[in-house]
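Asks: Protein sequences, first through last, are from chains A and R.
According to the UniProt record's numbering, the first sequence is numbered sequentially starting from 1.
According to the UniProt record's numbering, the second sequence is numbered sequentially starting from 1.
Check the hints yourself; a few may be wrong.
Identical chains blur together in the list; that is why a pair holds if it fits in one copy or across any two.
[Unchecked claim] No farther apart than 30 Å at their CA atoms in a straight line, the calculated lysine-lysine pairs in the DSSO-like style are these: (1) Lys686 / Lys54; (2) Lys28 / Lys643; (3) Lys174 / Lys475; (4) Lys364 / Lys659; (5) Lys375 / Lys691; (6) Lys64 / Lys691; (7) Lys622 / Lys475; (8) Lys94 / Lys64; (9) Lys12 / Lys626; (10) Lys259 / Lys690; (11) Lys259 / Lys588; (12) Lys643 / Lys259.
The hints are simulated quantities; they were obtained by calculation from the structure and are not laboratory data.
There are 2 protein chains.
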Amino acid sequence: MPSNPDWVKALKPSGPQGSELLAQERAKSTLNVDQLANFMFTRENLERNERILKILLADPVFDKSQNYFRGRTERIEAALARGKRLQQLSVQHKWTKEEFQVANDLISEPTPYGLHASMFLVTLKEQGTPEQHKLFLERAEAYKIIGCYAQTELGHGSNVRGLETTATWNPEDKTFTLNSPHLTASKWWIGSLGKAANHAVVMAQLYIDGKNYGPHPFVVQIRDLKTHEPLPNIHVGDIGPKFGYNTMDNGFLLLKSVKIPHVNMLARFSRVDPNTNKYVRPSNPSLVYGTLTYIRSNIVLQAGSVLARGVTIATRYCAVRRQFQDRDAPETEVGENQVLNYTMVQIRLLPLLAATFALHFTGKGMISLYQENQKRMNGDAGKLADSTGKRAPGPEELNPGTDLLADLHATSCALKALSSTTAAEGLEVCRRACGGHGYSSFSGIGSWYADYLPTVTWEGDNYMLTQQVSRYLLKSARAVLKGNAADNDTTRILKEFRRRQDIGAAFDVIGSDSDLVAAFAWRVSFLTFEALRHRDEDKQSWNSLLVDFWRLSTAHAQYMVVKNFHDALNDSNTTNQLDPETVGVLHKLFRLYALHTLEREASEFYSSAAVTVRQITLARTKTVMKLLEEIRPHALRLVDAWKFPDWQLDSSLGRYDGKVYEDMFYRASELNPLNSIVFDPYPDSKVLFKKDERANLRSKL
Amino acid sequence: MPSNPDWVKALKPSGPQGSELLAQERAKSTLNVDQLANFMFTRENLERNERILKILLADPVFDKSQNYFRGRTERIEAALARGKRLQQLSVQHKWTKEEFQVANDLISEPTPYGLHASMFLVTLKEQGTPEQHKLFLERAEAYKIIGCYAQTELGHGSNVRGLETTATWNPEDKTFTLNSPHLTASKWWIGSLGKAANHAVVMAQLYIDGKNYGPHPFVVQIRDLKTHEPLPNIHVGDIGPKFGYNTMDNGFLLLKSVKIPHVNMLARFSRVDPNTNKYVRPSNPSLVYGTLTYIRSNIVLQAGSVLARGVTIATRYCAVRRQFQDRDAPETEVGENQVLNYTMVQIRLLPLLAATFALHFTGKGMISLYQENQKRMNGDAGKLADSTGKRAPGPEELNPGTDLLADLHATSCALKALSSTTAAEGLEVCRRACGGHGYSSFSGIGSWYADYLPTVTWEGDNYMLTQQVSRYLLKSARAVLKGNAADNDTTRILKEFRRRQDIGAAFDVIGSDSDLVAAFAWRVSFLTFEALRHRDEDKQSWNSLLVDFWRLSTAHAQYMVVKNFHDALNDSNTTNQLDPETVGVLHKLFRLYALHTLEREASEFYSSAAVTVRQITLARTKTVMKLLEEIRPHALRLVDAWKFPDWQLDSSLGRYDGKVYEDMFYRASELNPLNSIVFDPYPDSKVLFKKDERANLRSKL
């Protein structure tokens with residue numbers, strides 16, 4: 001590629017430079033960035049992250065400069081190399097699981113080892129017996145076998161009970177036969193299966209003596225340990241390109257009557273007794289639900305940070321980018337206005353900035369609730385065992401009077417759905433707030449958004465989850481009506497609504513924070529009892545209520561976020577660790593998040609009589625606009641507090657130093673392999689390229 | 001790539017086959033698909049499309065089977081080959097502009113000739129003199145020169161008046177010097193510039209004797225006609241990969257004091273007199289605004305069809321995909337439920353299905369209004385000439401009393417913003433409604449969505465446009481208050497609001513179609529006078545009102561769509577050409593679109609007192625749900641009426657024959673080049689691939 005001629009190198013952006021503009025921005029606020037960052041992440045973690053970043057930066061295999069230019073095969077080739085090196089570094093530096101995760105987050109793209117390092121190891125550990133740990137887990141931890149977790153099928157996503165793959169017990173030789181009876185039984189979407197894995201935990205319907213005992217996990221070797229070719233009667237491969245996540249080898253797998261020994265069925269919870277040929281029931285199914293709750297709580301916490309990347313990039317760029325003069329500016333004033341000064345940009349970005357903190361504190365809150373509950377659960381273990389047979393009870397079927405798990409589970413479902421939707425859709429808003437340049441790969445938002453999108457589907461499809469949440473809320477409401485409800489936050493707000501229902505609500509949502517939280521609780525309760533009436537009194541079909549359930553679950557999640565953010569700000573821990581100014585700015589973010597949400601969902605707040613039309617109009621035209629103005633000067637420091645290194649963001653627009661246009665130009669003109677090609681532009685010539693110097697380029701890199 | 005073993009070839013999807021399910025679907029309704037299609041597109045056009053499709057199918061250069069697998073360079077290489085062949089075919093078959101466009105639509109990805117064939121030719125034609133037509137246009141039409149339209153700069157998107165590139169008149173040798181004074185002056189995003197063009201129409205600030213006369217168009221040769229290398233003092237190239245549109249070579253361009261002759265300034269509207277060295281003013285600037293209005297009206301019409309592709313794919317797949325049993329189904333009923341039966345899927349897809357028709361009829365309506373107005377304008381030409389100097393007046397500055405252009409222009413801005421946002425965001429909803437498989441490239445939605453996204457930014461950024469709309473509405477409202485308003489639809493609804501404001505509105509939005517339309521008009525008028533009060537009485541700054549303006553413009557556009565859809569259904573042309581059953585189903589779609597929109601924007605309808613809380617609740621819980629149920633049986637035939645050939649959709653999920661899973665599997669296992677590679681999966685081995693047979697594959701293709 002020809003490098004830029006000297007006259008081009010001498011050119012600078014016009015007007016005030018990006019670096020000056022960002023320096024001015026940072027000078028507008030005295031918010032203590034490091035203090036806020038330490039409060040959110042701890043100083044130890046931030047130092048650890050820097051240490052790991054240095055290790056990665058020193059290694060050429062992690063060079064990102066060609067990432068955006070590569071096609072799928074080149075990308076997965078690079079990801080494989082990085083995955084290998086990461087594992088070597090992990091051994092060399094004796095990284096903990098958290099440190100390994102930090103390195104992955106900094107690299108910011110999945111590797112083909114992703115599902116080995118997470119679901120394969122976790123499943124072996126949690127669902128394997130000590131004997132199986134020795135046989136599989138130890139070798140997997142040493143990367144002597146590489147595995148994946150094969151549940152979803154071509155024809156079956158969310159509905160696990162509908163899986164078609166079978167595992168039939170053979171009493172004569174004490175083996176299982178794994179089989180894919182139809183094309184739709186093909187395992188599909190399985191991360192790390194397509195190219196990397198030589199083993200898979202396969203979820204299959206267990207059949208003993210013709211009877212189906214439901215889906216269970218089986219360890220199946222699928223590729224030869226030496227040649228890495230598929231074993232006989234196994235058809236396995238990569239499922240092809242996707243909207244994102246293309247450094248991962250999501251795979252397919254078909255099994256034609258493949259035999260595996262008895263020991264390959266993961267047997268910690270349930271098993272087949274090889275002597276009696278009988279099924280032995282799970283001892284404590286709720287522990288599995290606990291894990292799901294933990295995974296979902298982490299998705300909530302992550303969602304804040306996922307979104308914060310987009311908000312960081314867009315906020316920085318909108319402070320550098322100037323466009324049009326202010327229409328009301330005096331004629332004497334020249335120069336264009338920073339895009340971040342336009343209220344139409346603020347109303348898109350600043351509520352998302354507020355959401356990043358709201359989700360962060362909500363995720364933290366969920367994780368500590370989970371940990372608290374785990375302690376309690378471990379004391380109670382065994383109590384919940386299902387002795388009646390048929391199938392393992394879902395947590396929604398446990399009596400909410402006896403434990404908090406059901407409440408926590410429902411909340412984690414609701415919040416997983418809301419937070420991942422907020423992050424995914426928010427990233428797209430950030431991308432568009434960058435105007436035309438948001439569409440360039442160099443914005444760093446598009447690929448990040450595309451890679452994140454599956455989160456709205458996996459670990460429970462966001463729409464499906466809302467049914468579980470509503471089922472739980474209806475159950476709680478029935479218990480409240482019967483007077484035998486447990487004492488937890490959900491039943492408290494439902495009872496409070498019943499108590500004041502006839503008196504009516506008069507929440508001062510603009511003047512009082514606690515009233516604002518209470519208005520969100522009121523809306524949830526109103527929608528719960530309305531849905532209950534439709535279901536129990538009007539006998540409406542479940543299907544006809546799905547839309548109401550989705551609204552109800554969203555309302556519940558929004559209430560939880562508002563409540564958690566409010567609680568976090570009023571925690572003595574917060575007020576002790578942060579300057580009053582910082583707490584003040586966070587408080588404005590809390591109010592912006594809550595009032596902006598209230599206004600967007602105005603119709604439900606009206607219908608429930610939680611607020612008046614006048615209040616909504618006030619919130620919209622005055623309070624929210626005022627909050628935008630007040631938060632505006634702190635925007636840049638607030639995104640700085642998320643502490644994303646430039647290398648992690650990999651964005652021309654989001655550079656900490658504001659050198660946006662220089663970086664765009666550099667990447668386009670000096671890194672872009674397409675500029676090593678010269679077209680023949682005439683339709684009648686047979687030649688496509690007059691010159692193609694990509695080969696030189698490749699050898700240089 | 002190993003082809004599938006025989007035992008895999010023998011596998012079929014389980015349960016009822018996709019082809020059976022779609023046949024059942026089509027049998028559920030007797031809607032006359034061909035009649036509806038002929039009504040929408042005319043039979044002649046549909047036959048023409050089929051004829052062109054056959055030509056493309058016969059030519060291996062248009063084979064799409066590797067499209068989703070290719071990296072950027074391979075894609076642009078294929079697109080260049082296709083662009084060349086398309087031009088050859090166009091000459092061979094003597095294609096009209098429309099026929100050429102049909103071929104492009106069927107191929108469904110831009111080629112590097114895209115901006116040559118559109119903006120370059122159009123600009124030369126519309127802004128060139130007869131002498132310039134001879135010099136540039138004729139050669140361009142013969143593809144002897146390839147060009148582009150270079151307006152946007154690295155630092156300047158929407159603000160054309162802020163462009164930095166200069167064109168300085170040299171009286172001594174009667175030339176212009178084109179120069180890029182800063183890095184931000186680099187032309188950027190220019191389609192066909194990066195690799196294909198050897199000429200560019202460059203928009204630059206015209207300077208004569210030190211005075212700036214604003215942006216004007218100049219033809220600049222940028223590459224050698226033989227070697228295709230950049231000419232001296234010109235730095236040009238491709239700007240790199242984007243979120244989509246990667247078969248287009250969007251480019252950058254820097255000019256270092258490049259001299260061009262006098263004849264290279266396009267001089268139909270304004271020019272420099274080479275004898276007096278004086279600027280000669282534009283004779284009829286409003287013609288240019290007319291073109292923009294036409295382009296935007298076409299975006300509205302296209303938006304319906306763009307969205308319809310996604311809706312077609314998602315509707316077909318949701319009829320094939322089955323997941324979970326109906327919760328209320330009797331225990332004896334086995335088998336999973338079609339996803340399209342779930343109300344949560346219907347509420348996402350069917351209002352979008354309604355929107356496709358709403359946008360189609362609205363686009364048609366806009367285009368005939370435009371044509372009507374052009375006729376009238378041609379009679380009036382010359383009247384609008386600006387004799388006062390300074391700068392060309394925008395249409396918003398023309399007196400609405402003397403012509404309809406301002407009204408049409410404002411409406412086209414509002415509708416362009418709403419329709420492109422509806423299509424872009426609707427496509428993403430369609431993608432997610434396909435569940436996990438929507439994320440696969442083989443869904444055909446992701447890439448289509450990504451390619452369409454720039455439409456929300458180009459031809460007027462959607463957010464920026466809403467200011468122009470509001471400015472026009474405020475101006476009309478002021479005229480109404482002063483009593484000197486012109487008579488057009490906008491002033492009529494504003495006057496009607498004023499008349500009934502104190503009496504109050506009582507629209508029967510559920511029982512009466514015309515009341516439903518009137519409620520949308522009422523909301524627009526309410527928001528207009530509210531914004532006017534804020535601006536003129538409260539003296540609020542323009543910037544503080546941008547959010548209100550955006551809402552106002554959206555409300556105006558939604559009113560126009562509802563009104564156009566309503567008018568189309570009540571047109572005698574419609575009722576003559578279509579069966580009453582078809583009209584009946586379209587009528588339900590009209591009501592679904594209107595009531596679903598009303599419910600989503602409930603808060604503004606309340607605040608304006610156009611409807612009561614009770615009406616909204618009824619609309620939400622009863623009417624909309626009922627409409628979903630009634631439209632459901634016709635869904636498949638309605639999407640069939642859009643008549644997209646499978647080849648155009650290029651989607652496993654959207655196949656007309658329902659063979660969804662077979663096609664997914666075929667593409668993944670037999671077309672996927674990644675499956676020609678065998679990984680070495682162990683972190684400590686130095687080798688990445690044990691085997692790489694892609695080369696064999698390439699030579700085969």
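Asks: Could you run down the list of hints and mark each one as holding or not?
Replies: How the hints compare with the structure:
no.: 1; hint: Lys686 / Lys54; verdict: between (50 Å within a copy, 23 Å between copies)
no.: 2; hint: Lys28 / Lys643; verdict: within (19 Å within a copy, 57 Å between copies)
no.: 3; hint: Lys174 / Lys475; verdict: neither (44 Å within a copy, 85 Å between copies)
no.: 4; hint: Lys364 / Lys659; verdict: neither (34 Å within a copy, 46 Å between copies)
no.: 5; hint: Lys375 / Lys691; verdict: neither (68 Å within a copy, 50 Å between copies)
no.: 6; hint: Lys64 / Lys691; verdict: both (27 Å within a copy, 26 Å between copies)
no.: 7; hint: Lys622 / Lys475; verdict: between (40 Å within a copy, 24 Å between copies)
no.: 8; hint: Lys94 / Lys64; verdict: within (25 Å within a copy, 48 Å between copies)
no.: 9; hint: Lys12 / Lys626; verdict: neither (37 Å within a copy, 61 Å between copies)
no.: 10; hint: Lys259 / Lys690; verdict: between (57 Å within a copy, 27 Å between copies)
no.: 11; hint: Lys259 / Lys588; verdict: neither (62 Å within a copy, 56 Å between copies)
no.: 12; hint: Lys643 / Lys259; verdict: neither (51 Å within a copy, 49 Å between copies)
Of the numbered hints given earlier, the model fails hints 3, 4, 5, 9, 11 and 12; all others are met.
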